[in-house]
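For the sequence shown, counting from 1, position 90 maps to 90 in UniProt numbering; every step adds exactly one.
One or more hints might be untrue.
[Claimed, not checked] Restricting the straight-line Cα-Cα distance to at most 25 Å, the calculated cross-link-like pairs of lysine-lysine (DSS-like) are: (1) 2 to 78; (2) 94 to 2; (3) 94 to 78; (4) 48 to 94; (5) 130 to 2; (6) 48 to 78.
[Unchecked claim] Distance ranges between label pairs, derived from CB positions: (7) 134 to 56: 23 to 33 Å; (8) 37 to 131: 40 to 50 Å; (9) 147 to 115: 20 to 30 Å; (10) 58 to 100: 27 to 37 Å; (11) 1 to 39: 29 to 39 Å; (12) 119 to 36: 35 to 45 Å.
Rather than coming from a laboratory, the hints here were simulated on the basis of the structure.
All C-beta atoms, glycine included, are put in the ideal place defined by N, C-alpha and C.
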Amino acid sequence: MKIAIGSDSSGHGLKDAVAAHLREGGHEVIDVGWDGAGEAEYSAHYAKQVAHLIRDSEADRGVLICGTGIGISISANKVRGIRAAVCSEPFTAKHTREHNGSQIIAFGAFVVAPEMAFAITDAFLGAEFKGGIYQERFEIIAGIEAEEARA
Numbered sequence: 001m002k003i004a005i006g007s008d009s010s011g012h013g014l015k016d017a018v019a020a021h022l023r024e025g026g027h028e029v030i031d032v033g034w035d036g037a038g039e040a041e042y043s044a045h046y047a048k049q050v051a052h053l054i055r056d057s058e059a060d061r062g063v064l065i066c067g068t069g070i071g072i073s074i075s076a077n078k079v080r081g082i083r084a085a086v087c088s089e090p091f092t093a094k095h096t097r098e099h100n101g102s103q104i105i106a107f108g109a110f111v112v113a114p115e116m117a118f119a120i121t122d123a124f125l126g127a128e129f130k131g132g133i134y135q136e137r138f139e140i141i142a143g144i145e146a147e148e149a150r151a
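Working from the sequences, and respecting the hints, build out all of it.
Here's what the structure looks like:
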């Protein structure tokens with residue numbers, strides 16, 4: 001699977017650890033930064049890059065990391081068609097994929113340790129959207145998004 005990953009300066013160390021974990025698991029990783037050199041941009045910059053890779057089908061899923069996961073996920077969700085969720089443990093990571101069709105997970109480097117980040121990421125990547133009643137819910141949310149785009 002092709003995974004896009006990005007972080008601000010707060011999440012840089014954890015991003016590198018998660019990227020290595022993904023590569024060890026056989027995934028192709030597209031790392032949009034921050035690379036540790038120079039001044040990091042605000043997390044929204046990296047969220048947009050990862051979200052665009054997902055939207056444009058250049059990556060299958062995404063992982064975003066900042067201090068808490070909140071700001072970076074809010075930013076990713078501003079890209080039309082993107083569903084990003086903050087997850088601090090594997091249960092919600094699995095369910096956001098299965099029930100909501102989320103393409104991106106986010107977590108905070110101040111919130112989860114590397115081993116938990118690996119477990120969250122693995123649970124997310126191991127899950128698939130279930131469809132059925134969840135497809136109906138997916139379409140309701142997509143309808144709201146389309147209405148708001150016209151407003």
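Query raised in the report: Which numbered hints turn out to be false for this structure?
Result: 9, 10, 12
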